[in-house]
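Trainee: What follows is each chain in one-letter form.
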Amino acid sequence: QKEVEQNSGPLSVPEGAIASLNCTYSDRVSQSFFWYRQYSGKSPELIMSIYSNGDKEDGRFTAQLNKASQYVSLLIRDSQPSDSATYLCAEGGGTSYGKLTFGQGTILTVHP
Amino acid sequence: DGGITQSPKYLFRKEGQNVTLSCEQNLNHDAMYWYRQDPGQGLRLIYYSQIVNDFQKGDIAEGYSVSREKKESFPLTVTSAQKNPTAFYLCASSITGGRNEQYFGPGTRLTVT
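Chains A and B, in that order, are what the protein sequence lines are. Terminal number for the first sequence in this note's numbering: 112, no gaps in between. Terminal number for the second sequence in this note's numbering: 113, no gaps in between.
Chain A extracted, bound-state conformation (with noise of 0.2 Å):
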């Protein structure tokens, strides 16, 4: 059964500061990996991608990839209050081609 890990929450930071939102994953050979943002409430709404090793950026976002740790992280600079939600890691591909495994999500609260 693949597993995917999320750093337990709630996290809280104050406004301006740096989130920082950790996963690790079990599929050794899983190919994609994804963060989605969940607003209370509403669907789940894909924020980041990433597929190689290293580092993916898209404006405050950062993804942060390591597969020979089985480690994926998503850094939110610069937080703001609109950022409190709860994010979800997913990882596809691998032994399960066409599926996603969801994480269990982190609760991010930024507070003014």
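None of these hints come from the bench; they were simulated from the model. Quick caveat: nothing in here was measured; it's all calculated off a predicted structure. It is possible that some hints are incorrect.
Claimed, not checked - No farther apart than 25 Å at their CA atoms in a straight line, the calculated lysine-lysine pairs in the DSS-like style are these: (1) A:56 to A:67; (2) B:57 to A:2; (3) B:57 to B:83; (4) B:57 to B:71; (5) A:42 to B:9; (6) B:14 to B:70.
Claimed, not checked - Just a sample of chain B residues kept apart from chain A, beta carbon distances all over 12 Å, derived: (7) 18; (8) 49; (9) 59; (10) 83.
Backbone N, C-alpha and C define an ideal beta-carbon position, used for all residues, glycine too.
Mind docking chain B on chain A? Use the hints.
Mentor: Chain B only, in chain A's frame:
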């Protein structure tokens, strides 16, 4: 506007009744998925379909059924055999042969009493 629609947004049913949740997409995606989310938890895959007239069970298919007669539509039936049907149900779609970036509809919140 391209997107995924789910209806209804809220659904209330009595125990013992079957109920069908609608999911429609106009993104021209081949693959469609149904997930269930319980409070404070991640998403669990119920069923998925990568092509019309074909679908596979996910991790928690018991008590659910689906059909895929059209590329645009992937309805989910929650049967009376599902022991804990109250949940937030999410439909998603993606292209096939790609990186499997999945995009979600707005969800249906089902309450069974």
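Trainee: It remains to establish, for every hint, whether it holds in the given structure.
Mentor: Hint check results:
Annotation: proposed proximity of residue 56 (chain A) to residue 67 (chain A) holds, straight-line Cα distance about 14 Å (limit 25 Å). Restraint check for residue 57 (chain B) and residue 2 (chain A): the C-alpha separation of about 16 Å stays at or below 25 Å, so the hint holds. Taking the CA atoms of residue 57 (chain B) and residue 83 (chain B), the gap is near 17 Å; set against the 25 Å cutoff, the hint holds. Pair hint residue 57 (chain B) plus residue 71 (chain B) holds up; C-alpha atoms about 18 Å apart against a cutoff of 25 Å.
Restraint check for residue 42 (chain A) and residue 9 (chain B): the C-alpha separation of about 11 Å stays at or below 25 Å, so the hint holds. For the proposed pair residue 14 (chain B) and residue 70 (chain B), the alpha carbon gap of about 30 Å is over 25 Å, so the pair is violated. Distance check for residue 18 (chain B) against chain A: the nearest CB is about 24 Å away, which clears 12 Å, and the non-interface claim stands. A beta-carbon of chain A comes within 12 Å of the beta-carbon of residue 49 (chain B); the shortest separation is about 10 Å.
Under the 12 Å C-beta cut-off, the non-interface status given to residue 59 (chain B) relative to chain A is violated; the minimum distance is some 8 Å. Here residue 83 (chain B) stays apart from chain A, with its beta-carbon at least about 21 Å from theirs, past the 12 Å limit.
The structure fails hints 6, 8 and 9 (numbered hints given earlier, in ascending order).
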